[in-house]
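J.: This is what each chain is made of:
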Amino acid sequence: KAGVTQTPRYLIKTRGQQVTLSCSPISGHRSVSWYQQTPGQGLQFLFEYFSETQRNKGNFPGRFSGRQFSNSRSEMNVSTLELGDSALYLCASSLAGRTSGNTGELFFGEGSRLTVL
Amino acid sequence: SQQGEEDPQALSIQEGENATMNCSYKTSINNLQWYRQNSGRGLVHLILIRSNEREKHSGRLRVTLDTSKKSSSLLITASRAADTASYFCATAVSGTYKYIFGTGTRLKVLA
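First to last, the protein sequences are chains A and B.
Just so you know, our numbering puts 22 at position 22 of the first sequence, and the rest follows in order with no gaps.
To get our numbering, take the position in the second sequence, counting from 1, and add 1000.
Keep in mind that the hints are not guaranteed to be accurate.
Said to hold, decoys possible - Restricting the straight-line Cα-Cα distance to at most 27 Å, the calculated cross-link-like pairs of lysine-lysine (DSSO-like) are:
| id | chain 1 | residue 1 | chain 2 | residue 2 |
| --- | --- | --- | --- | --- |
| 1 | B | K1056 | A | K57 |
| 2 | A | K57 | B | K1026 |
| 3 | B | K1056 | B | K1108 |
Since the hints were derived computationally from the structure, they do not count as laboratory data.
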């Protein structure tokens, strides 16, 4: 069974540009969540999607957005990039269902490392 | 900040020794999980302990949970060089799928 796939693995952008990152979850997983990891702030929750609906959102500005497609693949977009957006962006999928309380194991991809110059 | 705290921040031990790391969290939980991250890579799930459990074992891993103190500990016995990694605890905010990760413990096992 293929794991979580994130693309691209590495990318370099300049301030003011925008970026789109992609995540393909494990087959059968309908919940996809995104995290930002930086040395200073650690792992920070961005958002979680289930069946194309955003269920939870972290404390990030509106420049950070995401979406999920009918095949559960997800993308996140960061517009008007700032230097502080340089980070490892991690996607995770899980078997979490429709109802709350079913918070089980997260399966992570290898991440997309974004450098903003 | 809702972020959990882990201590120590860094730990260096000799191969064969035991490693203990601790995690404190702030919210009510259904379960607490531990993850490992090798340098710059994705996280790998190690073990999950439910809020009604006090201790759980998996191979060389032993996890304890004290919900009254909102704390957990991870013990790795007979450590190996391959255990060198960062270790994170994670909890889900009750009623949501928002996971809060601890600050992590960087473990270095010297051969």
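J.: Now look at each hint and say whether the structure bears it out.
T.: Hints versus structure:
1. Restraint check for K1056 (chain B) and K57 (chain A): the C-alpha separation of about 31 Å exceeds 27 Å, so the hint is violated.
2. The suggested pairing of K57 (chain A) with K1026 (chain B) holds, with an alpha-carbon distance near 19 Å, which does not exceed 27 Å.
3. Taking the CA atoms of K1056 (chain B) and K1108 (chain B), the gap is near 24 Å; set against the 27 Å cutoff, the hint holds.
In the structure shown, a violation is registered for the earlier hint numbered 1 alone.
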